[in-house]
Amino acid sequence: MARPGPMTRAPAEAAAANGPLVAAEAVQKYFPLRRGLFARRAPGEYLRGVDGVSFAIPRGSSLGIAGESGCGKTTLARLLLRLITPTAGRILFEGVDLSTLDGPALLAFRRRAQLMVQNPYEAINPRFTMEQALAEPLVIHGIGTREDRLDRVIAALAQVNLRPADAFLDKYPHQLSGGQLQRVGLARALMVDPIFLAADEPVSMLDVSVRAGVLNLMKAIARARHLTTMYISHDLSLVRYVCETTMIMYLGTVAELGPTEAVLASPKHPYTQLLLAAAPVPDPGRPLPEITAPEQVPTPIGPGIGCPFQDRCPQVMPVCRTVPPPLVFVGPKHEAACHLYGPH
Amino acid sequence: MRSGSVDALPRPGQTWAGWRRAAGTLWGVLQHDRFAFAGICIYALFVLIALSGDIFAQLVYGARPALTVGFVAAFFVALIGTSVGIIAGYYGGWLDAVLMRLADVAFGIPYLPFVIVLVAFLGPSLWNIVLTMALLLWKDTARVVRAQVLTLRERGFVEAARVLGSSPRRLMLVHLAPNVLPIALLYGSLAVGWAILTEASVSFLGFGDPARISWGYMLQDAYISQALSGGAYNWFIPPGVCIMLVVMAGYFISRGYEELLFPRLRRR
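First to last, the sequence lines map onto chains A and B.
For reference, each letter of the first sequence is one residue, going 1 to 344 in full-length UniProt numbering.
For reference, each letter of the second sequence is one residue, going 1 to 268 in full-length UniProt numbering.
Incorrect hints may appear among the rest.
[What the hints assert, rightly or not] Away from chain A, derived, C-beta distances all over 12 Å, residues of chain B:
(1) V174
(2) W194
(3) Q220
[Stated by the list, open to error] Where chain A lies over chain B, by a calculated footprint (3+ residues, C-beta under 8 Å):
(4) 156-162
(5) 175-188
FYI, nobody ran anything at the bench for these hints, they're computed from the structure.
Ideal Cβ positions, reconstructed from N, Cα and C, are used throughout, including at glycine.
All chains should be modelled from the sequences, with the hints used to inform the complete structure.
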């Protein structure tokens with residue numbers, strides 16, 4: 001499905017066609033904290049949502065981002081889709097810096113990168129029928145003729161296994177189940193024929209019984225369309241199931257990044273080890289693991305000193321208190337940000 | 001017209017014995033001849049209409065300015081309030097701050113003195129009263145709509161629409177406006193009643209259009225003629241009931257429209 005992109009590319013960046021589809025370079029997003037009239041905050045204090053994250057997603061591959069709530073996963077997704085712009089660093093999409101896009105170039109980017117939002121019950125305007133919801137992307141981008149759009153909508157519904165498609169055209173969101181709505185959300189994202197699809201917790205709001213169906217569908221469609229995908233989840237089993245590469249985030253930073261099997265089978269970063277230990281094993285005979293780390297996550301407000309994980313790390317060393325750990329290679333394509341593997 | 005209608009009204013205290021006599025005769029007629037009784041009833045109805053003829057005429061003519069002021073003012077109140085609310089809620093930042101401080105100013109200006117000043121400059125007319133309402137009464141709608149937009153803005157479908165490339169105009173008109181419409185219609189229908197009553201009090205103070213009779217004018221007329229203590233119920237109840245019915249009609253229309261627009265409410 002390699003179509004000539006409508007995106008206007010500078011000639012120098014045409015070479016990037018063979019590079020990664022999405023690349024983040026030391027991306028930072030700091031949210032300024034509003035100073036209340038009586039709040040005792042220092043001026044210019046900020047929350048570090050995403051703090052110096054670099055990674056690349058090769059074309060056709062899938063990246064899983066995992067981490068606990070508040071670690072910046074969703075902020076990162078919003079950055080990649082240019083819903084917000086980074087405070088520092090660059091995000092390259094097909095070699096083009098996203099923050100430079102505007103007008104027609106931005107609209108062209110919107111056709112190429114799509115999002116599946118987390119909550120299927122909120123993903124579709126409650127006033128829209130499925131036909132309106134699915135035709136809207138076509139209207140915005142001026143795709144197809146008025147008659148042609150209905151056919152496309154029906155095809156899109158059939159593609160996500162909502163059959164008979166005609167029966168769904170006049171339905172409103174509240175008449176559908178969560179699993180069906182999430183399929184519609186997927187179908188709508190695919191209406192514009194994107195090449196990059198980000199899914200923010202695609203199944204966390206769904207019943208366990210329909211999760212596998214939605215995930216298998218996403219996997220099959222991504223393979224059939226050669227989509228580059230990014231899954232955000234706090235559920236490591238989902239990441240293991242669908243993603244080739246896994247990135248573990250902690251407090252806005254990358255803790256560990258590598259091939260999914262390597263990261264989950266032999267986790268190097270103490271935080272990844274903790275996450276895996278905390279994931280329950282479906283075996284009632286097995287005792288629950290003893291987790292010794294304190295549950296409190298340090299605040300992302302203000303400047304951080306040293307390793308963000310220092311307060312919870314069972315293997316903390318003096319160096320962790322002062323120096324933020326860089327990402328170092330711990331295996332083939334496998335990186336971890338921990339002083340245990342550094343020169344110290 | 002004013003004194004005439006008061007004198008023509010049957011006053012319960014004055015003719016109590018006569019009423020009792022008449023009731024006794026009627027009871028006798030009803031037992032002997034039902035057709036005669038029906039005839040008497042029809043005759044009594046005609047007498048009642050004839051007696052309160054000028055009230056009936058006032059009621060009919062009063063519908064015109066009341067409905068005009070009510071619906072035109074309510075339309076502008078809802079339109080301005082909804083637009084300001086959506087724009088302030090969607091854009092946020094300095095635009096939100098400016099618009100909401102403007103609403104605060106509108107909250108701070110007392111309505112009647114404002115009308116007095118404006119009418120002093122522009123002259124008393126129905127349309128100037130509508131103008132003052134449009135200028136001052138949008139504030140409640142704007143506040144409530146803004147609050148609604150603030151919660152809608154964070155919902156997934158707005159984010160999804162932005163990812164799909166919706167322009168801000170499209171987001172506000174296609175995604176936000178239909179979702180705040182029920183509340184805008186509710187405030188619009190409340191504004192109908194508020195506008196009719198406001199027109200009445202403005203007329204009462206002598207800043208209304210003296211050439212027009214409205215329901216509000218009738219109420220004030222009855223009030224200063226002491227119709228309530230005089231027991232002239234047929235003078236002030238009809239305009240009061242009419243105002244109530246119009247306000248209710250406005251409310252039911254907005255409910256019906258909401259049902260049409262928001263299908264989840266539709267009964268199957």
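Going down the list of hints, with the structure as the test:
no.	hint	in the structure
1	V174	8 Å, violated
2	W194	28 Å, holds
3	Q220	43 Å, holds
4	156-162	holds (count 6)
5	175-188	holds (count 3)
Comparing the model with each numbered hint stated earlier shows that hint 1 is the single one that does not hold.
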